[in-house]
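Every letter in the sequence shown is one number past the one before it in UniProt numbering, and letter 146, counting from 1, is 146.
Derived from the structure by calculation, the hints contain no laboratory data.
Here a beta-carbon is modelled for each residue, glycine too, at the ideal position from N, C-alpha and C.
Please note that a few of the clues may not be correct.
[Said to hold, decoys possible] Beta-carbon label-pair distances, calculated as ranges:
no.	residue 1	residue 2	range
1	160	131	16 to 22 Å
2	148	68	27 to 33 Å
3	168	89	34 to 40 Å
4	29	187	27 to 33 Å
5	164	127	37 to 43 Å
6	145	168	23 to 29 Å
7	55	177	17 to 23 Å
8	176	148	33 to 39 Å
9	161	52	40 to 46 Å
10	187	128	28 to 34 Å
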Amino acid sequence: MTNVAQHPSPDLAALMLRDIGAELARRVSNRLPGLGDAYERRVVLVADAETASGTALGSFTSPAWRIQGRSFDKIAVALAHPLYRLPDGTIDAERVLATLAHEIAHLYTDEIGISGTIAPDHIGHTEDFALVAIRLGLSILRRPNTPTRIFTPGLADYGRAEFRDLIYRIACAGLHTASGIQLAGPVGFTGRLAPARVAAASIPTDPSTSD
């Protein structure tokens with residue numbers, strides 16, 4: 001795994017975030033068996049520093065691409081979203097990591113074949129999802145008027161402590177200067193798509209994505 005945060009570059013946003021997601025998944029694999037392998041095998045990380053409005057903080061789509069008999073999932077992080085901006089204009093690194101953890105929780109529920117969201121609108125999350133999210137360091141919120149709908153407002157204190165080095169790597173990566181839409185996937189992913197198709201594939205909004 002390449003620690004690109006040691007050499008911050010806005011052109012490496014997707015690669016750096018994918019590496020951090022992989023490290024997060026690896027660290028919790030003792031309590032979420034198989035997560036590290038699933039992440040490395042399935043996830044294409046999309047760093048979207050272009051779309052500023054009308055988007056969620058992040059999303060998970062499975063599958064996002066089927067190429068030559070192989071399926072790939074998409075975890076997108078909407079870096080241009082105003083909620084990621086701190087008063088000084090830099091990126092809220094903790095919020096970015098919380099988004100990664102949330103979408104990785106969706107990956108894991110999909111990998112083990114359980115439902116992570118509540119039909120029909122898929123806005124709230126299930127108790128099974130909550131159990132996964134807690135193991136990824138996320139806090140859980142149940143709103144009084146809809147107690148069966150579970151949300152993850154951010155990292156819990158223990159998650160913030162356990163993954164403080166990952167938060168630091170994100171903070172040092174210069175993501176506030178990133179531009180465009182970047183992808184980083186498993187070995188061979190970009191080689192399976194012509195450049196124009198890679199760019200086009202990163203943009204569509206799928207109604208099945210999860211916030």
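For each hint given before, does the structure comply? Return the numbers of the non-compliant ones in rising order. 2, 3, 4, 5, 6 and 9
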